[in-house]
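Asks: Each chain, written out:
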Amino acid sequence: MLTTLLHQGLPQMAQGLLVTVGMGLQASIVGIVIGVLVGVGLLYLPAYVGWIFRVYVDVVRGLPPLVLIFSAYYLIPVSGINVSAFYSGVIALAFFSGAHFAEVVRGGIDSIPQTQTQAAKAIGLRFWPLMRWILLPQAVRRMVPPAINATVEVIKGTSLVSLIGVVELVLATQQFTGSTFIVIPAYGLAAIMYFAVNFSISRLGGVFEKRYAYLQY
Amino acid sequence: MFQAGGGYHFNWSIVIQHLPMLYDGLFLALKLAVVALFIGSVIGIAGAWARASKYRVVAAVFAAYVEFVRNVPLLVLVFFAYFALPIMGIKFLNNVASFEAAFIFYSGAYLTEVFRSGLAAIPEGYVQAAKAIGLTPLQRGRYIVLPVMFRIVLPALSNTFISLFKDTSIASAIGVKELTFGAVYLDVNFFRVIEAWSVVAAMYLVTAAILASLLRLLERRYAVIK
Chain A
1 MLTTLLHQGL PQMAQGLLVT VGMGLQASIV GIVIGVLVGV GLLYLPAYVG WIFRVYVDVV
61 RGLPPLVLIF SAYYLIPVSG INVSAFYSGV IALAFFSGAH FAEVVRGGID SIPQTQTQAA
121 KAIGLRFWPL MRWILLPQAV RRMVPPAINA TVEVIKGTSL VSLIGVVELV LATQQFTGST
181 FIVIPAYGLA AIMYFAVNFS ISRLGGVFEK RYAYLQY
Chain B
1 MFQAGGGYHF NWSIVIQHLP MLYDGLFLAL KLAVVALFIG SVIGIAGAWA RASKYRVVAA
61 VFAAYVEFVR NVPLLVLVFF AYFALPIMGI KFLNNVASFE AAFIFYSGAY LTEVFRSGLA
121 AIPEGYVQAA KAIGLTPLQR GRYIVLPVMF RIVLPALSNT FISLFKDTSI ASAIGVKELT
181 FGAVYLDVNF FRVIEAWSVV AAMYLVTAAI LASLLRLLER RYAVIK
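Protein chains in written order, with this note's numbering: chain A, 1 to 217; chain B, 1 to 226.
Bear in mind the hints are in silico, worked out from the structure with no lab data behind them. Heads up, a few of these hints could be off.
[As the list claims (entries may be wrong)] Far from chain B, by Cβ distances over 10 Å, these chain A residues were calculated: (1) L37; (2) V67; (3) F70; (4) L75; (5) L160; (6) V183.
[As the list claims (entries may be wrong)] Computed beta-carbon distance windows for the label pairs: (7) B:A129 / A:F208: 34 to 42 Å; (8) B:V224 / A:R132: 48 to 56 Å; (9) A:P185 / B:R216: 29 to 37 Å; (10) B:F191 / A:R203: 45 to 53 Å; (11) A:I184 / B:A63: 45 to 53 Å; (12) A:A213 / B:Q17: 56 to 64 Å.
Note that CB positions come from ideal geometry on N, CA and C, so glycine has one too.
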């Protein structure tokens, strides 16, 4: 049983883990781009445009990620666009994490005292120099730990795309247990793989948190 | 390429016909979340107490439990409870029960963190004052620590409840007939893609919003007096 697990299960599941990590990374990167744009927009756009971003963030954060994934998978084809299951998962998770990253960015910038902005304006900085040289360097340090937590959520969220038929770690495990009936060790191995990836990422967040603990106002 | 306007014909009647099924699903989701919140809170209070205890082994076991659950997807826990536990001789009545078992295990870990931070936030002076007037450890827990802790954790507790409510959607993976299952059912059997998903999404959003505002009222009622 152990040899089957090692010789057949491990490669099969490692393949799945690669898909999981690949999807998590792609979704997180797109999510971070969305998050920065929306997060800055939430803070600085006038209310008559900003409310669209607010609605986006609140709606996505109010929905279960599984609903987003199913919706993307079933709704995108209705509009006539063909997207593979993998990419409808990436789109849904990018959309999902974008809202969470937006809140991280908004909170990070918002936590920098107003006096910093006032001082920057007093010495004549405009919006972009203010962002580039004053607010972002301080805020990014604040954002890193919660952003890493959000990334872990994305990687955990990729497990849900197994339900739309993407062979990532969970579905690879199910396929292995389905053909060999080795159930308990297989799920144990899957849990260990998820734990190894996510725990390393979380620890990285902890390191950054300690590294930037000196930033206090 | 874009033909949603012309190629797709809306037909709301099927979704309206099946609204009772969706309500049942919503109600089941809420029930699953409430049970997980209450039993998970019992685990959470015990876990918070264990993590603060002087017995290193007990504290380490609960720390490992929390870290494990926080870094493994709920779906894996649910599948483990549904497929693997029966082989080990732990059989559940039905898929709802096996989901709920995994879900309580999951919520217990998150609530351990919630109560641990609440316990840490109790001002030192309260406990010292309680000792000074001669309360026994049991009385200190019952009259000072627990009531203050509940007020402190209430906002975190309501956030946890709302995310538990959303997490119940994962029960559809093992065929529990909750809200997301209802949407998949309408989608797969009647091809009412847009109608099914928009109605179900709206139901999740409205329920979460109502819960959030009710819980805000409760939080205001029991806010910590500064």
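Asks: Of the numbered hints stated earlier in the document, which are not met by this structure?
Replies: Hints 2, 3, 4, 5, 6, 8, 9, 11 are the ones this structure does not satisfy, whereas the remaining hints hold.
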